[in-house]
Each structure stands twice: as structure tokens, then as C-alpha cells.
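Just so you know, the protein sequences line up as chains A and B, in that order. The opening position of the first sequence corresponds to residue 1 in full-length UniProt numbering, with each subsequent residue numbered one higher. The opening position of the second sequence corresponds to residue 1 in full-length UniProt numbering, with each subsequent residue numbered one higher.
Please note that the accuracy of each hint is not assured.
Repeated chains share a single entry, so a pair holds when one copy, or any two copies, can fit it.
Within a straight-line C-alpha distance of at most 20 Å, the following computed SDA-like cross-link-like pairs (lysine to any residue) qualify [to be verified]: (1) 373 - 478; (2) 373 - 474; (3) 76 - 306; (4) 76 - 215; (5) 254 - 447; (6) 165 - 175; (7) 107 - 221; (8) 107 - 55; (9) 76 - 225; (10) 76 - 217.
No lab work stands behind these hints, which were simulated from the structure alone. This structure is a prediction, so every number in the text was calculated from the model and none was measured.
Protein chains: 2
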Amino acid sequence: MPGGNPFGVHFVMMVEAIRTQGTDEQWERFGKRAENFEICGTYAQTELGHGSFLRGLETRADYDRATGEFVLNTPKLSAYKWWPGGLGHCSNYCLLVAQLYIDDEPKGLQMFFVQLRDEETHMPLPGIDIGEIGHKRGFYGVSNGFLGLKNVRIPRTNMLMRNAKVQPDGTFVKSPASVLTYFTMVMMRCVVTRDNATLLAMAATIATRYSAVRRQSPINPNEREPQIMDHVTQQLKLFPEIANAIAYQLSANKLWSLYHETYVDIERGDFTRLPELHNLSCVMKALCTADCNVGAERLRLACGGHGYLTSANMHLIVSSAAAACSYEGENTVLLLQVGRFLMKSWRAATEGKPLTPTASYLRGPARGETFGKWTGEWANIVAAIEYAAANKVRLAFESMSQRLAQGQTEAEAANGTGIELTQAAELHGRSFVAATFLAYVTGPTVSERSAALNRVLERLLELYLVHTALRHLSDILQVNC
Amino acid sequence: MPGGNPFGVHFVMMVEAIRTQGTDEQWERFGKRAENFEICGTYAQTELGHGSFLRGLETRADYDRATGEFVLNTPKLSAYKWWPGGLGHCSNYCLLVAQLYIDDEPKGLQMFFVQLRDEETHMPLPGIDIGEIGHKRGFYGVSNGFLGLKNVRIPRTNMLMRNAKVQPDGTFVKSPASVLTYFTMVMMRCVVTRDNATLLAMAATIATRYSAVRRQSPINPNEREPQIMDHVTQQLKLFPEIANAIAYQLSANKLWSLYHETYVDIERGDFTRLPELHNLSCVMKALCTADCNVGAERLRLACGGHGYLTSANMHLIVSSAAAACSYEGENTVLLLQVGRFLMKSWRAATEGKPLTPTASYLRGPARGETFGKWTGEWANIVAAIEYAAANKVRLAFESMSQRLAQGQTEAEAANGTGIELTQAAELHGRSFVAATFLAYVTGPTVSERSAALNRVLERLLELYLVHTALRHLSDILQVNC
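Just chain A, same shape as in the assembly (with noise of 0.2 Å):
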């Protein structure tokens, strides 16, 4: 459903933080009754003035040791709570993200159950100032909504207390891991990867349709109009974004199946996976995110005018990939934390040290070895993307090196170096992707499939390898001259 809906964040995230993040008491009292649609409600992260960098969220919550009591506010136009999804007409509750002070003294980011409207007439309770954010160009099903909080005051009970506990007497206990929140988030990378690559299958599916129904221009006069998908240039718009999303749906795959293996590795006390994990959630959501925005466009324009129209669902599908390029980490944000990464994968692999396996391609070329010769096979272009993946990890590193001989902070350093951060880290994306691909279709699973399948699949790899090649031909051949 591209147009999404206003009840998508109460169900996946408000209700399964409180499940995860909230004390068996909490889930008792409202929890329950929030799984039951008993009430509805949002998750309130993201403020006007903030998105990616959440330290700097300005709601408070100060506890008053008093009345035991937290007292929420809205201190300026710029905290304003903007764009949670159902907060706009259809949420009476919600989880609301705030920097819990107590005496003054910043406590870091909490999670408070904070109620919005009346039950009975869904007017805004008093110091609620609620409404819509008005009209998107996407998503027009979500009801996303502002939130401004005056003197709002909850029971210090309604802080979500599972790790982080305030006291009755105002005794602040941390978190003892704060490894559990940040799970969360690369869960829902792992779901925004899958659920893009669907989209994008989505979106292949329909013009490829639409190109064997619609006929259009003779190719040779006289003779009657084609299919449009006889014309070779469409094709080219349609066959490679199939590959993408065959492509995509794979390593997104083997992305949960890393996820569910890291949770059980995690639940047993072992964190050994959780970078890499993290790493590939991050890259994984970033490429898949930004390819099926261009690619699901590129599809739409394959159908010509009714392409336009929300009818053919088209562009309702862009809108979606275009939104998700934004939230859950900004692409650019995240394609930077996995650039860092790989600058000191590539410390490693040069210092001879262990590398996570999806990095281990470096390896070779960290120690100096050299590509070898183009043949055209599969494993062969595979070979060719990793070996310019690591050549722009290397131009990385020693533009970071060069910064920091020069006296620059590891963080002037690294924004400096912040385009060859973010070309390093797309293409250990697409190497990870191109692997994932060549390791399925070659793989144990081939005597699962029917001759006929594996004929197809091989032929989707096939074009998705040639079209990645070709896609960073400069960078392949920069590595293979």
C-alpha cells in the first residue's frame, strides 16, 4: 500500500517499543491495551529543528520530585515534534522522544508515554498543541503531524523504565546497555531494505506489463504497432531494474538472515557480528532505498504518460522510495558511518588483523595485489567491483591520512573526506550485493530450483553484473589498466 497508513507507526514501532523498552507493569497497563487498538498512537522522535542528529532534540521532560511527576515542554519553534506518522488526526497517545533533565542536569534521551487527546471526543488535552503537517508528495495515507507540548504533566511511571530508571527521589540509574535501542534500528533498516526492494519489484512488474499491452510505433512501416518492449531501448529501462529487484530482494534476504543470527548471538551475550551487522544495515538501506527511487522513475517514465497518473500506482511507489531515502538515517548519513567503517577495516586488513567477512575482500588489495585480467565471467566482474571498492576505500583512507598529518581533527578529517567516504562505502554495497547474487545462483540451492528457473536467474545475474560493471566502469577501470 504506497499511500501507507496512519496506524503503520502505532503498530510497528510504538507498540513494540513499549513492548521491548517498557517494564512488564507498563505493558500491563497500556501496552495491552495499545497491541488491542484500545488506543492509538505515534512515536515522537523526530522535531522540526532535528532529524539526523538526535542529540540535538530540545523537548524536555524535567522530573519534579514533588509531585513525582515529569513535566513535558516545548521550548521553542524549533523542537516542535514534526512528522510522526498517524499524530496528525488519528493518535491519542504517544511515545514521545525527550532529554530527560533532572535538577537542570541533562540526563540524555528517554521515552515517555504521553497522552494527547480525550478518549471519548479526541479534542487535545490541555498544553496539546496538535495538528497536521500538511500536504506531501507521497504517503498521503499517514497523517503525519506536528506536536507541541506545554506544561504537560505525566506520572514518572509513564517514562518507558526497562534500562534506564528515574527513582522517586530523582536518582537517575542508566542503561545498562544501550545496545538494545540501537537493535532497534537496525531492525527497522533490514525492514525499509526489504520493503524497498519490493517496491521496486513492484514497479517492474507493472511496466513490464504495461509494455507487452501497449503497442506504439511501427518498427518497420506498414507492419502493425509492437509491444513496446520490442522496442530495444525500452527494454533497456525494464530488464535491468528486474535484475535490481531480483538483485535487491536476495541480499535483502541475507540481510535478515544475518539479523536473526546476530539476535541469537546478542541474546547469548556475544556482540562479536553486531558492526558488521550494523554496517551492512546502514548500506543496505542507503543503495536499496536510492536505487529504487531512480529505478521505480525510471520504470514510471517507461510508461509514458499513464505512468503520471496515481492510477497506475506508479508514482505512489516513487513517493515511497523517495520518502524512505530520508528517514530511518538520512542515505548520506548512513553511507558515512559505513565510510568510517571501512577505514578501519581497511587499518586492519593492512595491519594483517581479522576482517568481518563482507570486508574480507580487502584483504587483497590492502597487502597490494593487483586485479589480474578482465575475463568477463561472473565471478570475475564480482572480483572487478571489489577490487574498486577497495581502491576507493585506499583513496579514502589516504585522503583521511593526508588530513590528519596536516593536523586536522578525525572529524575535519573525515568530512573532508566525506565523497570518497560515501563513494567507498556504495560500492562495498554493490559488492555485497553482486556477491550475494553470484553465491545464490551458484550456490547449494541450484538443485532446489527447476532448470527453468535457474536459466532465468542466471541470466538476471548475468545482466546485473554487466550493468553494475558498466554503471562504474571508470572506477573498474581505473583498477584494471
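Since chain A is already given, all that's left is putting chain B on it; use the hints.
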């Protein structure tokens, strides 16, 4: 006004078409009323089943000699008019493009002035099935409509008859030259090019201002959050698009000059430069709308979540550019036309025959001259782009020749070479833009501008050239190895 308005087609197309294609009597009878907005109309050409392939239009106008009338019909669903701007709710007349038949003999497409709704009540007239085509990605204000006709009769004198004519006895007089109709399409492509260059500049302005106002994510911890423009990755999103916008503004102006010069030539009966203008308007329309679509979306993304709100105006700009990729000549169809023009030009170049000025860069490569040495100077980068373009033209020509030698028809060979033809056309257009930008910055107008402005323009030129060279780096590396 990116949302468009429902009277644009009335004023730009219908009134102009009556003025240029109608007789003086017709202009007096209904042209002036339209010009004064006493009546409102649209230009109804595209049908549900046919857009790009004009000859495939199915709406019929049969001449009835007995009554001196045309009988207008929509013979099947696919013949419904679909898309005319303003038709949905705001037109009481239209210029209908239909296949003229006399005694069941087809006489080609003609334009007919038809009343659709009562001037007082606005109710559809008998035989008229009319309405709005539904929600679209953008152009919310345009009221695009559909139209079916069932035995609607109009007087013979309502066919626009400045050129082709139908006499009372049913004698058909052909248009002396189809150049005028054709020239209107050239003019429209020049308009679309200029408008999209402006749209890209608007998007760049909004995103740049936002990047100056918005502060987010400290570069060094404990320092104030910087303007987001200080993040290098943000600069990569903004600055190349500013350069693109200026490059397209300048080359759209150049195209306009050429249009006006050619107009004067044609008035004097000199058609020499028409093929060049025609092809230049095709490639400029295709490149400028495609780059505006992609570039404005990149700029929209640079505004984060705020760019998603309609109030930011960004997505309506993107949506306008997205529509422009399909209307007034679908971009791929236009590039294929230019590709075929380049095939003729390449043959002429290899045979030492004259070339149009904007294709003259083919001469050297056609003689086998090589690019020479990369110096990175402005003129050198322009030459590199031209050599890359010439190389693509050569590859397309070789593919065409091989296919023809294998016995394919010209049309089959052109379809099989479609990808090479569009790539050649794209680089041809890019060469024109780059050369135009270079000529403007280094040409005689330098002395008319302040030193400060010249410095800015020089930097933008350099950025444009470097960015374009990087974009086509693999093509350039292939001619420069």
C-alpha cells in the same frame, strides 16, 4: 507555478494554433473570442491509445457533402482524447486533432474547432462525453481531461484551413508545406527546455537557501552545529546542480537565438538550418528535462524530510520536470531521432561533405584523428566530451552498417542500434551544452560583466566541465587510452 494552471494550453497552444493555422475569417470568428477569454479551450491531440505515434490517432472526422459538415467520432475506447490540459473542467471549446476522411478515404490529421459545453450552463453538448482523468503525480491545477465524441457535427468552415483545405464539394487541397506545423513543435521544445532550465535553477535556489539556514550535526563535537552547507557531501549535492542550471540556462538561450534566426531564414524561404534546429531542440528538450528531473530530485533530497512537504515546493518542481520527460515528444523517442540525424552527419563527415555547425566536431574523428593529450584545461575537457560523443556516433554507425549488411531493414537496424543511438545523442547534446558554456564564459561578452561575476561564472564552468567529464568518464577513458 509548478502546479500548472488549466488555461495554459488554451493560451499557449489553442490561440496560437488558430492564429497560425486558421484563416483570417476563422481568426475573426472564434480566434479573437478565444484570445479574449470569452471562450476557453484546449488542444486535444493525445489519445488513450496513441501519443508518440501521431499517425496512429483514431479520432475520425468524416466529411458529409450533403450538409457541408464534418461528423466527429471516437470509434473505440483507445481513441478517447486523454490528457488535454484544462479539458476536464475548464473548456467549452477545443481544437480537435482528428483523421480527416472524405468518402472513407484518409486525408491525414487535421485540426477542427469544436464546441464541447454550453457557454452559459457549461453542460456538455449532445454526443460529448467529457471529464477529468483523475489524480496525478503533479500539475494538480491543470484539470487534464478525456473526451469522446459520438456523431458530433460541425460546419465545414470549422476545420483550420490556412494550409490544407476541404472545399464544399469535398475536394481536398493538400497543405503546400508541412513545415509550419512542424515548426510549432520545434518552438514548443525550445519553450520546454527553457522552462526546465528555470525549474532546475528554482530547485537549486531553494535547496541552497535551506542549506544556509539549516544547521545540523556538529563537525567537531562540542562546537555549534554548522550550516549544513559546510558538510562536503552537501556541497556535492548542491554545487553541480547550480552549475547544471546555469549551463542549461545559457544553452537554452542559445537555442532560442537559433530558433529566431531560423524563423527569419524560413520567412525568406531558406530552410538550410531547419534540420539542425530541429535536432538541437529535440536533444536539448530531452537532456534538459531528464537532468532537471534527476537534479531537482537530488536537490529535494538535499532538503531532507522538509523537501518532502508540498510547502517546500520541491516535489512540485520535480513533478513538473518528470512530466516534461514524457510530453511534447517522449525523451527516448526524441533521442532516437537525433541519433538518426547523427548517422547522416557521420556519413557526411566520412565523405568530406559539409556538416552543420553543431556537428562539425565529428569531422576530425571521422578522418581518424585522435583526441591527443588530456590537459584538464577547459577547451581540452570540451574536446574530450566531443571525442567521446564522436566515438559513440561511430559505434552506432558501425552497428547500423553491420545490421544493414546482414539484410535488416533500415528500421530494424535502427531499433537494434537503439541504445547506441540514444547514447550518441546524449553525448552530442552534452557537447553542445559544454561548448556553449565555454564560449559564453570566454567569449566577447566577458567585457560586459563585472570581474566578480566573471570569476563566479568561471568556477561554475569548471565545475560543470569536471562534473560532466566524471559523469562520462568511462566514455572519455575509452577514447583517451
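Going through the hints against the structure:
no. : hint      : verdict
1   : 373 - 478 : both (13 Å within a copy, 18 Å between copies)
2   : 373 - 474 : both (16 Å within a copy, 18 Å between copies)
3   : 76 - 306  : between (45 Å within a copy, 18 Å between copies)
4   : 76 - 215  : between (58 Å within a copy, 15 Å between copies)
5   : 254 - 447 : within (19 Å within a copy, 62 Å between copies)
6   : 165 - 175 : within (7 Å within a copy, 86 Å between copies)
7   : 107 - 221 : between (75 Å within a copy, 18 Å between copies)
8   : 107 - 55  : within (11 Å within a copy, 72 Å between copies)
9   : 76 - 225  : between (63 Å within a copy, 17 Å between copies)
10  : 76 - 217  : between (60 Å within a copy, 19 Å between copies)
This entry satisfies every hint, going by the numbered hints stated previously.
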